[in-house]
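Student: Sequence:
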Amino acid sequence: APLDLSPTHPDQGDDNVQPRSRSSCATPRSPGNGRYPDIPSPFPEISSPYTGASTSYPEFSFSPPASPYPDDDEIRSVSSDDGDEHHHLIPSTSAATLSSFDEPTKQPWLKLIKSVAWPIIIPNTLVWLNEGMVTVLLPLVGVHMGCSEHTIGVLASGAQFGRVAANPLAGYVLGTHGLRQACIAGAILATWAALLAAVAPRADALLAARVAYGVAFSLFTMGIQAYTRMVIPGSQRGRVMSLFGATARVSVVLGPSLGGYLFHRGGQMAGFCTAAAVLALLIPIWVKGAGFQRVPLPCDDPKGLSRSASMETLEEVEWGQRAMYMPLARWVEATKRELGEQWGVLVTRRRELLTAGIGCFAMQLLRQGRMLAIPLAVHNLGFGAVDVGAFTSAGNVVDLTLSGAAGWLMDHAGRRTTTCLALSIMAAGFLLLGLGGTRGEYSLLAAALVIGFGNGLSSGLVLTIGSDLTPPDPVAAGRWLNIFRSLSDIGGMSGPLVVGAAGPHAGVVLAVIGTAGALVVGLGMTETLVKDDGVNEEECDREVDS
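The opening position of the sequence shown corresponds to residue 1 in full-length UniProt numbering, with each subsequent residue numbered one higher.
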């Protein structure tokens, strides 16, 4: 229901007194609202907050403005294709209110970590603990089912395939339903997928469960990434993302041991049921919304294909409130319009995709490729399963210890420098693996340590670059993250395939890919680090030169 702003203001008791002209409200008004713009209310039960005395509502405080109109910075106009403009009230930014169109301000480090601990850091730890458990559970369950190595490889790539296929859906859900809703939907789907894997009698059912989990993973990780763009300032984003990487690596170190123990004690049922219990913890965290700041969802509905939500926030949007019920023809029209928007993103942001996107593609390919290349090299030298775990853990320990340095490097040296350095070091490690990894355990151990060193410097790097390039508008963020994450996920899915196809030459091939990625980033990528004053120094220098 629109706010009724037509009654008199405390300072304006006479209806004959005409309001002064305001540039922000100079557009034609609808016939039914008199002199004031048609401003939808975030609280439908309230007729008007502009009734004289200050009135406080949960997390919102409204005070009478000095003039009949709100301040300029409190009105957002969204133009539709037919030329109409819709005015929406955006409450003033405070400590608990954050406009999705503003760059977040820098905060003290401990306060920032505390504010994002419950919404994103703790869920991120739980998600990667599940990933570590499944890393061991999948091959053990596959062997128990009598699957071949090729089938086990397909099972391992099922989640990656689901992530790539679901990125358009995740971007759509993020733009139409909001960030928290995308996270909740992903947590529910992931829990059911783990339960399905627990009772899967055959490999095809287990593969379906893994694909469903990939869809869920795309939903909540895209929501987390968009949220970090809105609440974490660019000058601190690298350190927060490296903390994400550190918690993920700790979970990946602990997860395999837990998964192996559970499979040994209770088999497939015990392992995947425990994974489902871990994922189920995400649901109350995100339903409660502990720590979520208020991020308004802008209206992006010029043709009326979905319900307008001018000021629905993470706490206020009820589940299913923005669901779109429409005939098939209108659904097709909306789909065609969304595909056009996606194509527009591809065209207008092709430079970022061909530079930063290619760098993240190469980074994900090397990361996933090392998880198969190092164990295969250890196995080819005749070592047993315990030795395979020891060599892999050695690289993971180096990887974990460098997570903090990665955040500092990203926030001080820049994202481009960190990407080039990480790709170059990992390429050198893979070259050592390909040329000297077959000669003995010492050269193989050195290769694993060098690769772990390079991967540790890239802790949180892909998430940081993606968040830097993400628009603040949740709808535009969903479209961009759909394309950017699809590109990086395809790289992750391609890593094991490249290793399997290259065979004994996998190290050299991965070294070439890493070197090529470093060259593309170093020569073409624009630095995405934004300084504390909100200015990208490299872009400013370019504008001055031009």
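None of these hints come from the bench; they were simulated from the model. For glycine and all other residues, C-beta sits at the position ideal for the given N, C-alpha and C. A portion of the hints provided could be inaccurate.
Unchecked claim - Below, simulated DSSO-like cross-link-like pairs (lysine-lysine); rule was C-alpha separation at most 30 Å, straight line:
1. LYS336 x LYS114
2. LYS106 x LYS336
3. LYS111 x LYS288
Unchecked claim - Each pair of labels, with its calculated beta carbon distance range:
4. GLN107 x GLY404: 37 to 43 Å
5. GLN107 x ARG350: 41 to 47 Å
6. GLN107 x THR335: 22 to 28 Å
7. VAL143 x TRP408: 40 to 46 Å
8. LEU110 x ALA501: 43 to 49 Å
9. GLU333 x ARG265: 52 to 58 Å
10. LEU281 x VAL347: 38 to 44 Å
11. GLU333 x LEU381: 58 to 64 Å
Student: Kindly indicate which numbered hints from before are broken by the structure, ordering the numbers from low to high.
Tutor: Result: hints 1, 2, 4, 5 and 6 break, sorted rising.
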